[in-house]
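Put chain B on the given structure of chain A with help from the hints.
Chains A and B are the protein sequences, given in the same order. Heads up: the first sequence is residues 918 to 1138, going by the numbering used here. Heads up: the second sequence is residues 918 to 1138, going by the numbering used here.
Treat the hints with care, as some may be off.
Said to hold, decoys possible - Incomplete in silico selection of chain A near chain B, CB under 8 angstroms:
1) 924
2) 950
3) 1017
4) 1080
5) 1099
FYI, nobody ran anything at the bench for these hints, they're computed from the structure. Idealized CB from N, CA, C, for every residue including glycine.
Residue strings, one per chain:
There are 2 protein chains.
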Amino acid sequence: MEEVQFTSYDFEQMERRFRAHFFNSLSGYKSVNLCGTCSKNERSNLAVFNSIFHIGSNPPLLGMIIRPATVPRHTLTNIIEQDHYTFNHIHEDIVKPAHQTSAKYTRTQSEFDLSGLTPFFSDEHPAPYVAESRIKIGLKFRERYNIQANHTIMIVGEVVEVIVPKDVVGIDGFIDLCEAGTVAGSGLDAYLNTDKITRLSYARPYEDLREIEYAKDKQIP
Amino acid sequence: MEEVQFTSYDFEQMERRFRAHFFNSLSGYKSVNLCGTCSKNERSNLAVFNSIFHIGSNPPLLGMIIRPATVPRHTLTNIIEQDHYTFNHIHEDIVKPAHQTSAKYTRTQSEFDLSGLTPFFSDEHPAPYVAESRIKIGLKFRERYNIQANHTIMIVGEVVEVIVPKDVVGIDGFIDLCEAGTVAGSGLDAYLNTDKITRLSYARPYEDLREIEYAKDKQIP
Chain A
918 MEEVQFTSYD FEQMERRFRA HFFNSLSGYK SVNLCGTCSK NERSNLAVFN SIFHIGSNPP
978 LLGMIIRPAT VPRHTLTNII EQDHYTFNHI HEDIVKPAHQ TSAKYTRTQS EFDLSGLTPF
1038 FSDEHPAPYV AESRIKIGLK FRERYNIQAN HTIMIVGEVV EVIVPKDVVG IDGFIDLCEA
1098 GTVAGSGLDA YLNTDKITRL SYARPYEDLR EIEYAKDKQI P
Chain B
918 MEEVQFTSYD FEQMERRFRA HFFNSLSGYK SVNLCGTCSK NERSNLAVFN SIFHIGSNPP
978 LLGMIIRPAT VPRHTLTNII EQDHYTFNHI HEDIVKPAHQ TSAKYTRTQS EFDLSGLTPF
1038 FSDEHPAPYV AESRIKIGLK FRERYNIQAN HTIMIVGEVV EVIVPKDVVG IDGFIDLCEA
1098 GTVAGSGLDA YLNTDKITRL SYARPYEDLR EIEYAKDKQI P
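Only chain A is shown next, with the shape it has when bound in the complex:
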């Protein structure tokens, strides 16, 4: 297997798009989600984000990275004005309309109408969900950090509502994303399905790992 080594000097020489593809894929698989928001005038906005990550379970917190220079900021403005937003998992059937929401529409246009995806409002949450998404997450804005090194923004939100197919939640709380059909992201534009390898037991020094069953028949009651 022939290896190639790149250092900071090489990174600086890279053509701009090459560098963007290279580093966006280097970071590993990404959690891609549709982020639903509402503007002051109650216009629904939808945009695909691929920098969603887990911060904590108690309270349940998710982070997202927003790049002001390259992404339309409607989402950021709406999150800050309206305090609520949603993340919606993407499955294979909606990969194309999901990706299309990254086009730079004007603020008077709703990506819901343009992409053909359907807004859905729960009784509990003021921001729009994507009806087609199987896993829907309602969030409330908590914190904002401005990252000095490149002026991106990290938004921390608290999960306040989850709507999920009953048969993908195991008795131990594990949500089987593979079973739900959630796709993974890679780079700026790649979408992938997944195949289970294994779940492994909690690691302890000098103790062999056990494989944990993907508990198909052991769902929450």
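Using the frame of chain A, we list chain B on its own:
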């Protein structure tokens, strides 16, 4: 498809481990990496992290979340003391030793010895890589943020070296993780392989998306 709805009240009622599994899988697929560091006394440390995410390409920046309460802090101490660390992608053959590095060993023990993974030092970078990993990333510490909502820590690092198999880097810079065998993570303990669905062209308003070839024969020279 029967759906189940959870709200903040339900989250509070969840048993602690159930809640941890639930929210760790809810956030979507994760980028799992082995983080290699060195202590002051040049002892190598290795730990698996599943909250690695892309922050930017120019300069190339990666973020990671460290939870002081649950993860041994050797990694954090070493990053801050030594200023350099590595991320190493995981493939199916090293999933078990990688997961085993999450066991709470004492600081005098090296997870390299205990897991059977091999440290590798490049000429350019002071922190240890994992020789078995196919995609190796050398980083320099840039910024630290303390997240108020749950006292986790976000570390921002700049990529200063990348070692990667030549034939997984496309002419457009895209690194084919599926081809490299990089696994995805889910929840606290699940590992998955991936299958390509598609790569889609840059989205523009009112323009149809094209599929981009996964350029097998179009590698960098």
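When the nearest CB of chain B is found for residue 924(A), is that gap smaller than 8 angstroms? holds (5 angstroms)
Status of the hint placing residue 1080(A) at chain B (closest C-beta pair under 8 angstroms): holds (5 angstroms)
Taking 8 angstroms as the limit, does the beta-carbon of residue 950(A) come near enough to a beta-carbon in chain B? At about 6 angstroms, which falls below the 8 angstroms cut-off, the nearest Cβ of chain B leaves the hint on residue 950(A) intact, so it holds.
Should the interface hint for residue 1099(A) be scored as holding, given a Cβ-Cβ cut-off of 8 angstroms against chain B? holds (6 angstroms)
Hint check: 8 angstroms Cβ-Cβ cutoff, residue 1017(A) to chain B: holds (5 angstroms)
Taken one by one, the earlier hints all hold for this structure without exception.
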